[in-house]
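Sequences listed follow chains A and B, in order. Using full-length UniProt numbering, the first residue of the first sequence is number 1, and each one after it goes up by one. Using full-length UniProt numbering, the first residue of the second sequence is number 1, and each one after it goes up by one.
Check the hints yourself; a few may be wrong.
Since the list can't tell identical chains apart, any single copy or any two copies may satisfy a pair.
Stated by the list, open to error - Heads up, simulated BS3-like pairs for lysine-lysine below, C-alpha to C-alpha not over 30 Å straight-line:
{"no.": "1", "residue 1": "Lys-107", "residue 2": "Lys-77"}
{"no.": "2", "residue 1": "Lys-77", "residue 2": "Lys-156"}
{"no.": "3", "residue 1": "Lys-156", "residue 2": "Lys-218"}
{"no.": "4", "residue 1": "Lys-106", "residue 2": "Lys-77"}
{"no.": "5", "residue 1": "Lys-107", "residue 2": "Lys-54"}
{"no.": "6", "residue 1": "Lys-159", "residue 2": "Lys-77"}
{"no.": "7", "residue 1": "Lys-54", "residue 2": "Lys-77"}
{"no.": "8", "residue 1": "Lys-159", "residue 2": "Lys-218"}
{"no.": "9", "residue 1": "Lys-107", "residue 2": "Lys-159"}
{"no.": "10", "residue 1": "Lys-159", "residue 2": "Lys-106"}
{"no.": "11", "residue 1": "Lys-156", "residue 2": "Lys-107"}
What the hints contain is simulated information worked out from the structure, not anything from laboratory work.
Number of protein chains: 2
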Amino acid sequence: MKELTTDHISQQFNNELEALRQHFLTMGGVVENQVQDAVQALLDSNGVLAEEVKNQDATVNQLDGLIDEECTRILAKRQPAASDLRMILSISKAVSELERIGDEAKKIANLTLNLVNEGESPRGYVEINRIGEMVSRMVHDALDAYARLDIDMAIKVAKQDRNVDQEYNTAMRSLVTYMMEDPRSISRVINVIWVLRSLERIGDHARHTCQHLIFMIKGVDVRHVNVNDLTPDYKAK
Amino acid sequence: MKELTTDHISQQFNNELEALRQHFLTMGGVVENQVQDAVQALLDSNGVLAEEVKNQDATVNQLDGLIDEECTRILAKRQPAASDLRMILSISKAVSELERIGDEAKKIANLTLNLVNEGESPRGYVEINRIGEMVSRMVHDALDAYARLDIDMAIKVAKQDRNVDQEYNTAMRSLVTYMMEDPRSISRVINVIWVLRSLERIGDHARHTCQHLIFMIKGVDVRHVNVNDLTPDYKAK
């Protein structure tokens, strides 16, 4: 009888962890869509889609609060140890990254509405398209890595952030040069610059999300290690 | 004898919590100095001071890792409940805010080095001085609120962020106008714009830090509540 009860409690605990994981992935799906839609709305000057991105913010905040409550409740009630404890702490941190990815998507939506009002920028859309695709893919793969607990994918995503930073710096130099040549366009180009800045931040948050996952699986804190210095056993060199 | 042991364990636990709190405040002191020094280095075009700000980054990252390890260890070993559990979760989140404040200070230091090389910007220093003072004060007061568990101060700091955002928007409009009038200055003014952006982010992180404190004291998640809508009992209206 005692064993049955223990099994029962352990099954409940597993269900709670699984629910937590599912809510995390659901929230991830919402912000992933927000990023894609925000970029698309900007490329198409689509104010209606931009408003939809902004409206998703309430859902993201709700899920953020729910997941945080679940983490606190499980910690208090189940007092988990080792890998379960690490999973909960990892999700508790990663969820803040997702929430900020959603915030950046909302900023892009607001900038889109500015550009719909002021008129399109004469430059920067090619760069937004390219960098937007890169960071959307990073967010998608980061969530995939969480869903499958795939540490190789997590490392791959974290490394990808360096390419985003390079593309971002190149784009920024070319837009500053353009503004010098055509000062009348500055107030529109500056909106595009803010969009690129937000996309670059989204790349940072996707990288942080993956670093939280690596910590969860390996128990190694890699946030302050250059991901390019990680050896195959995921220790710092 | 049993009571003595319990007292002993409970005293050890208190010591661990106190050590955690002290490490958090130490880390806070380091990033507070980083912010002040970064702004001063920029105002004085002081490359040496800017390098010092960058060098502090290693200390901040070390403390960040240490505090995270302490949180995990205490949760695993002591299985705290209620207010102790909330304190640990609150610090675990707030420490990420401090780490990012340090990152923004480092960015300001890098921009200072750009400006030392390229020559000073013709505009923006008055604004950096004013907004720099506002956010330095916010970081200082946020840590003070943590040190004294002062919820009124935490709310005051969180509300202050709205003033920072207003000053930031005014400064940005005036700098965009200036760039249109003097396009040759764009590449220098844009560095100042990035500095203002970093200061604005520091204000955001100080606000988040305070919101984590309010959660810790009250057990109410106020991150997605407009701080201006908080009633005196700190519930959302």
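Cross-check of the supplied hints:
| no. | hint | in the structure |
| --- | --- | --- |
| 1 | Lys-107 <-> Lys-77 | neither (38 Å within a copy, 42 Å between copies) |
| 2 | Lys-77 <-> Lys-156 | neither (36 Å within a copy, 34 Å between copies) |
| 3 | Lys-156 <-> Lys-218 | within (16 Å within a copy, 40 Å between copies) |
| 4 | Lys-106 <-> Lys-77 | neither (36 Å within a copy, 41 Å between copies) |
| 5 | Lys-107 <-> Lys-54 | both (8 Å within a copy, 29 Å between copies) |
| 6 | Lys-159 <-> Lys-77 | neither (37 Å within a copy, 34 Å between copies) |
| 7 | Lys-54 <-> Lys-77 | neither (36 Å within a copy, 42 Å between copies) |
| 8 | Lys-159 <-> Lys-218 | within (17 Å within a copy, 40 Å between copies) |
| 9 | Lys-107 <-> Lys-159 | both (25 Å within a copy, 21 Å between copies) |
| 10 | Lys-159 <-> Lys-106 | both (26 Å within a copy, 21 Å between copies) |
| 11 | Lys-156 <-> Lys-107 | both (27 Å within a copy, 25 Å between copies) |
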